[in-house]
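J.: Once you have looked at the hints, place chain B on chain A.
Chain by chain, the residues:
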Amino acid sequence: MSTTTAHRSNVAPDSKLISGARILLECLVRENVDCIFGYPGGVTLPLYDAFYDHPIRHVLVRHEQNAAFAAEGYARSTGRVGVCCATSGPGATNLVTGLVDSMMDSIPVVAITGQVSTKLIGSDAFQEADTFGITRSCTKHNFLVKNIAELPQVIHEAFYIASSGRPGPVLVDIPKDVFQAQAHYTPVSSIHLPGYKVFTEGHTGQIRRAAQMMWEAKRPFVYAGGGIIAADASDELRELVETLNAPAVNTLMGLGALPAEHPNFVSMPGMHGSYAANMGMSNTDLLIALGVRFDDRVTGRLAAFAPHAKVIHVDIDPAEIGKNRAPDLPIVGDVKRVLQKLNKVLQEIAPEHRQSNADARDAWWHQIREWRAEHPLVPNVSTTEIKPQHVMREIDRLSGGRAIVTSDVGQHQMWAAQFIRFSEPRLWINSGGLGAMGFGLPAAIGAQFARPDKLVFSIVGDGGFQMSIPELATIANHGLPIKIVIVNNGYLGMVRQWQELFYNNRLSQVELNSFPDAKQLAGAYGFKGRTIEKPEELASALEEAVQENGPYLLNVRVSPYENVYPMVPAGGAINEMVLGPPQPVEA
Amino acid sequence: MLQIISLLVENKPGALMRITGLLSARGYNIESLTVARTLDPELSRMSIVVDIEPQLRTQVIKQMNKLINVLQATDLTDSPAVKREMVLVRVRAALTNRTSILKEAEIFGARVVDSSTEGFALEVTGDSEKLDEFIDVIRSYGEIEVTRSGTVAVSLEAKKLRLSPPVPKTTHPEEISEKLETRN
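Keeping their order, the protein sequence lines are chains A and B. 532 is the number that my numbering gives to position 532 of the first sequence; each next residue is one higher, with no gaps. 29 is the number that my numbering gives to position 29 of the second sequence; each next residue is one higher, with no gaps.
One or more hints might be untrue.
Claimed, not checked - Restricting the straight-line Cα-Cα distance to at most 27 Å, the calculated cross-link-like pairs of lysine-lysine (DSS-like) are: (1) A/K197 / B/K62; (2) A/K387 / A/K197; (3) B/K130 / B/K103; (4) A/K197 / A/K146; (5) A/K519 / A/K454; (6) A/K119 / B/K12; (7) B/K62 / A/K323; (8) B/K103 / A/K341; (9) B/K130 / A/K310; (10) B/K62 / B/K12.
Calculated from the structure, these hints are not laboratory results. Treat the numbers as computed from the prediction; the structure is a model and nothing was measured.
Same shape as in the complex, but just chain A (with noise of 0.2 Å):
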């Protein structure tokens, strides 16, 4: 690289040159960077050799992949921007499901990756893939950095558009010679983004409207999402639904939104959600949509969805708005800003409203108590085998609500999401969207680097587990205390459950055999493990999990044909939900 930045005027006599590497670092310190995941490679070469006396700590996991998880786990258990970092070729495609995973979730993720040389692009180079090209789709926005001095600038634009306005993953991709390459630091005062816009402040008129429309409701239900942790808005959240004496839904993602012990809470909806839950949403006559983005997992059949609701949408993202279902009242904006603005209109407008449909709000709450005690969400506990709720039951009860959880993909994120509760947010760790398996473990790590005071358990299935199992050597390294909590049921449970309810119990590929054994896998890490079957086993054998210093590697082995229940089959209305399995007719 010959291009630097030593003609510039406004460069200080004094400044030094230094490597694009340097330079790189330089700004990740500027961004508050403390923790990086990544893996080395030919191409990123410079850049670890200015990690090696660098204060910011490198995490080396295993798998480019489980980098991309562990940047968000770290971002999901904080708020931070999460980073990562990957050689060229096979370090930055290994990165995509993570890419995916953090757009999908909304996660602020930056990921760093080397490429070939500028002169090499294009020449079909070793380890040269087309990166740029590649996380197109999968990134809120990239970067191809062909010049050392757009470098600072290009950097932190990147983490502005990873952690403002909705947030997502960035991807920069650097060629080796840019990291080689020599210039002078200048910091970067001022971003310069024309086409990037993000509403903050939602519309005056619209948020009195909403105001006038949630006291008119006689059955309002507040359906509220990710957006709600992304936005840091639970206090505005509860301020909200204590008000208007609301009942509140929070999504898979927004689990701890609103605490789960709060009287107002119902539980999650959707596919695997309460009874109450989707009756509420099936039969309110006001939705108030916060943060969410009416997921086909929640509202099943749209078509049948909330049938009789005006709904009020707030979201960050226009393009949400309408994108699924057509809102009676669309607000674009922060939903933290929205509802402070709101909060105090409701107020100002109370006393004219309050009383006007109290009766009807009664009846309201009642209908709603009716539904839970008809069908609670209760987990299923057996004296013979471990059932997995029972698992969670006891997790729950170990955390106390205060645990970060990080949970793999299938049957146990279901029952964990259904029965651990969550007294703040970002505690709930999980791939949502995407519903990548293998997310679990790798996540857990992050979270725990972020947050190392916190307990964290990881839930994870037996399918994902062995797909994260590189990672153990990543916890064993830095005897990360995280408490890893197998739900071994023997099969891809998720998979069994519908190949049995909907392709005639035809078991196709799903059955895992050939586990490792937990104490000696953990073992051969250097860490303790044990495996267990007897329901008696599982309180003392958890707290003596939690009681460990260091990893722990507990294998429940679980009923392995227990089904996720309620449960809305794809396709469905939400308040067609099969509650349990169908009982045996009596001859």
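T.: Here is chain B on its own, set in the frame of chain A:
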């Protein structure tokens, strides 16, 4: 149904890919696409004709507006706008036909941009239907080769002019905007 989208985008590598990628990811086929620099060399104007079901049009425009490189995406399908296309036609013409071809060209307002013993190269602009007709007529005289530019469009809504650059940063922005105002 064909939709005409006008975009103001940053003149940067990858900007085109993001826009076409957004369309191809949803399985939409692009009928035509033109892109060129605006008065501000950092920006490009793009006109895309694409087949999208009417109920999904708003969503696609919103998704385009979300792209970091896109300053503004506008649906011109049903709004007042001038939509024009250019076509270049080479026609092999026997001596006996040459006069008639020139007459046809005159009717359609086409210009001769090349003339040789082989035949002519003609240039004509207009709306797409008119160009279809022109091509049909010329084809009746013999072998032809056609290159179409695809539709370029400009909105005629008054407010659009004020909202949308290009306003060159280097020279006199006031002058330009004045010009735009008076043309209104």
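J.: Compare the structure with each hint and give your call.
T.: So, going through the hints one by one against the coordinates:
1. A/K197 / B/K62: Judged against 27 Å, a Cα distance of about 11 Å means the pair holds.
2. A/K387 / A/K197: violated, 49 Å
3. B/K130 / B/K103: holds, 16 Å
4. A/K197 / A/K146: holds, 26 Å
5. A/K519 / A/K454: holds, 24 Å
6. A/K119 / B/K12: Since the Cα atoms of A/K119 and B/K12 sit roughly 19 Å apart, the hinted pair holds (cutoff 27 Å).
7. B/K62 / A/K323: The given pair, whose Cα atoms are some 10 Å apart, holds under the 27 Å limit.
8. B/K103 / A/K341: violated, 70 Å
9. B/K130 / A/K310: violated, 47 Å
10. B/K62 / B/K12: holds, 21 Å
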